[in-house]
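Top to bottom, those sequences are chains B and C. Numbering of the first sequence is given in numbering that gives the first Met the number 0, commencing with residue 0 and proceeding in unit increments. Numbering of the second sequence is given in numbering that gives the first Met the number 0, commencing with residue 0 and proceeding in unit increments.
Among the hints, erroneous ones may be present.
Unchecked claim - Stretch by stretch, here's where chain B covers chain C in the computed footprint (C-beta under 8 Å, at least three residues):
(1) 34-41
(2) 45-52
(3) 78-86
As the list claims (entries may be wrong) - Now the in silico label distances, taken between C-beta atoms and shown as ranges:
(4) C:S85 - B:I26: 37 to 47 Å
(5) B:R62 - C:W53: 12 to 22 Å
(6) C:T56 - B:Y60: 37 to 47 Å
(7) B:Y60 - C:T10: 16 to 26 Å
(8) B:R61 - C:N55: 20 to 30 Å
(9) C:A2 - B:R62: 39 to 49 Å
(10) B:S5 - C:M0: 10 to 20 Å
Honestly, the hints are just simulated from the structure, not real lab data. The C-beta atom is built at its ideal place from N, Cα and C for all residues, glycine as well.
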Amino acid sequence: MPDVYSQLHAAGMASGLGAITILLSSIATRDPATITDAVLVIAFLLLTAPISGHAIAWAAYRRRAAHTTPPAE
Amino acid sequence: MRAIIIGVALTWMTLLLIGGGLMLLRSRDMLQRIIVSDLLASIVIALLALLSYWRNTSYYLDAALALALLSFVSTLAAARYYADGSPF
């Protein structure tokens, strides 16, 4: 991972594609209470994941920490 | 069949949780720690959803909703604190 923005992209994939598809698989349980709660969690994640990602990227831009590549190990 | 699929998914998410913990231990930057804590919160949300399917109870998803709310607030506060020196 070269910089903070690439790590932010990967973290957004994990939250947006991973967690939301696992929550979407609640349709297979055929339980109305489970599906309702899963839809609530999906709506909350879709609402808040871009906001927190924007806050992290804005912090990286403000501190200029993202433009320096860490040394390879 | 259903138990096998949920068991495989639970095992894989637990391995991802261990990998995220190792990444948190290896992080050298404050911002990287904020990103990894957000990632660990999403992994635990997915684990709670799988546990709710495994046990056929919907209460674990309420815990997942509360964890999503807490992780959102903590990530926002930490990022704003790192950017400005104060959360507000």
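Going down the list of hints, with the structure as the test:
Only residues whose beta carbon comes within less than 8 Å of a beta carbon in chain B count, and the stretch 34-41 of chain C has 5; three or more means the coverage holds. Taking a C-beta to C-beta cut-off of 8 Å, the stretch 45-52 of chain C contributes 5 residues in contact with chain B, enough for the three needed, and the coverage statement holds. Coverage of a stretch by a chain is defined here by at least three residues with a beta carbon nearer than 8 Å to that chain's beta carbons; for the stretch 78-86 of chain C and chain B the count is 5, and the condition holds. Judged by the Cβ atoms, the range 37 to 47 Å given for C:S85 and B:I26 holds: they are separated by roughly 44 Å.
Between B:R62 and C:W53 the beta carbons are some 42 Å apart, a value that contradicts the proposed interval 12 to 22 Å. Between C:T56 and B:Y60 the CB atoms are about 43 Å apart, so this pair conforms to the stated range of 37 to 47 Å. At roughly 38 Å, the beta carbons of B:Y60 and C:T10 sit outside the given window of 16 to 26 Å. Restraint check, B:R61 to C:N55: a C-beta distance of roughly 47 Å breaks the suggested window 20 to 30 Å.
A beta carbon spacing of about 47 Å between C:A2 and B:R62 agrees with the range 39 to 49 Å that was offered as a hint. For B:S5 and C:M0, the hinted distance range of 10 to 20 Å is not satisfied, since their beta carbons lie about 38 Å from each other.
Going through the hint list in order, the structure does not satisfy hints 5, 7, 8, 10.
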